Amino acid sequence: MNRWLWWTALATVAVAVIVHFITLFAIPIVIMNSAMTKYPQNVLMKGGRTTADNRMVVRPSPDLVYSILLYDVSQQPIRFKAQIPADTYWSVAFYAANTDNFFVLNDQQVQSNPVEILLVKQGAAIPENEKAQVVVSPSDRGIMLVRHLLVSDDQYDQVVKIQGQSSIEMGY
Amino acid sequence: MNKTAKIIAGILIALIVGSSIGIGSAFAAVDVMANRFSIHNGPWQASLAAGSPQADPYTRASIAMHYLLALNQFEVIYYNAYKDDNGDPLQADCTYRIEGKTLDTRWWSITAYGADDFLIPNELNRYSYNMDNVKYDADNNFVIYLSKTPKTDDWLPLGDQKTFSLSLRLYNPGQLIRDHPDIVELPHIIMEGCK
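Residue numbers (the numbering used here), protein chains in the order written: chain A, 1423 to 1594; chain B, 106 to 300.
Same shape as in the complex, but just chain B (with noise of 0.2 Å):
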């Protein structure tokens, strides 16, 4: 090969292998990035820059590809679950149940999500429990049922996913939430078994 072809084939390489090398990059980074800039708390991570103009580029682009139209954090703060409380992913074969008290916010709801992150079609229409429609114990605590068989009790029906994912929206949130969003009391989510 003379000179100039080797520069030729070089700038080829440098351009097709380097443009697939970053555009693949730049998507596998953009979850596991804006995973670590966000706040954790048990099985909820949510971040706070949702919506906001002071976002980080890994943060703006997961909020553009996950959740496009937040609404910035003293409006709603968006936790989202893709585990239970043991560390485990959240799977459609399996039941579990979300334990909590009511939240120091003007309202809030949970919502579970398909793979695909929208609504998991259902017979029922039933897509989320929220503070005024969830049934409380006398001590002021509720229990959400998801799995794929029906429940009595307040249940949301995973129809024919394989995976899923929970969004609890905290609209106008307390000045405590506010301040301590990676400590504060959420509901627990509780794996009760597996088929």
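So that you can see chain A by itself, here it is in the shape it has in the complex (with noise of 0.2 Å):
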């Protein structure tokens, strides 16, 4: 009976911290997994006011007007175009399926205006004359987050309306 017990208590330790980190790793993937499908996967929403009506991810920014993509590129690229807008902060932050935010770009590191980027899967061939800003996503599926800042009030309208000129377009 002792060394049932004790094979017994041997295996429960063994389990539990075999379980403990597969939890741990697990974690991350599962919240990512349940936000990726809150939404259509490769659309670019775009949102308004951040207010305590938003509930997609927690602790949201209302001082941000977000648009967010939730992509897959196994199938093909997606190339986004963006206005960036004038002394103000805006940025992109690519996030892979654990959550690692592999990429950002913000407003004052943008080579050109409007910007481009072309994400690719790892391992994708990139055209030779390839002019956009190339992005590897470490993941075939993950999450694309614009950043435009809203200063005050009166720069909603002005917000929303360079938040408009940016888009995708799947394929190269």
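In case anyone wonders, no lab produced these hints; they're calculated from the structure.
Keep in mind it's a predicted model, so treat the numbers as computed, not measured.
Think of the CB as a built atom: it goes at the ideal place given N, C-alpha and C, for glycine as much as any other residue.
Part of the chain B face toward chain A, derived, beta carbon under 7 Å:
(1) Lys-111
(2) Arg-165
(3) Ser-214
Mind assembling these two chains? They're in different frames, but the hints should get you there.
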């Protein structure tokens, strides 16, 4: 009996340790997968003012106007074009399926205005004459989040106008 | 019980009890370990590994649970506060004032969140103050009040919450803040009184 108890206790501890780390690594993936099913894929969703009604992602910033793209580049790349506002914070950030923020570009770092980004999967061929900035996603699926800073309510219409000029196209 | 039945019973116990302990301990450890790996500055804490591929598994899980889609530290440093300057948990039935000076960063904002990590519903749709809309005195200091009852000065409503937390976002922080995020002077959170 003592031997049975000993082996059962040992197996319980082993299972607990394994499940502990599986859970730990699964949490970000499950949460990201949940977020990635809330909107249609490969559609650039342009949000308005961030209020208490915005409940897709925790701790949203009320000072930002967001655009979000739940992307899947497994079949073809995605081309993103956006107008950059003058003298106010703007950024586009890409998140892999495990939550890593693997690429971010802000208004002070862009090389051109409008900015053009080609998002591709790992190993994808890049055309030799490609002029857009190429971003390689470590996972086929992920999230692109565009942040427009709204310094004051007076700027809202202007921010929405600039946000409206952003777009995506599928393929090269 | 014969030997086979004992082995099966042992395996079942190990799987059921072990899995329960494993899942429970993972969730319990996430915030404890992530807090340990965070930097602390007065009542504020920040995980500089937010959004980074180098983040440890506990930080990564905590970020996913509480700060999904956070930017990396070069873009934004997210300081969060769940306690006041005295180390007491933030309670929505109390009145607080945030006192600070302008910060060495391209842009900053302070936002209040409910216990569910979402913005606190209120009639004014007021959730934050930032470096452009907060009022400064002659010495460049600002004060923001937090309470359930309205204030005439800069005021963030706490709605019908029981507890709340704060986020201080520093966009494109200056070199001093990036080098010394744990000692640069950040706004104070002072409890004035409770109902």
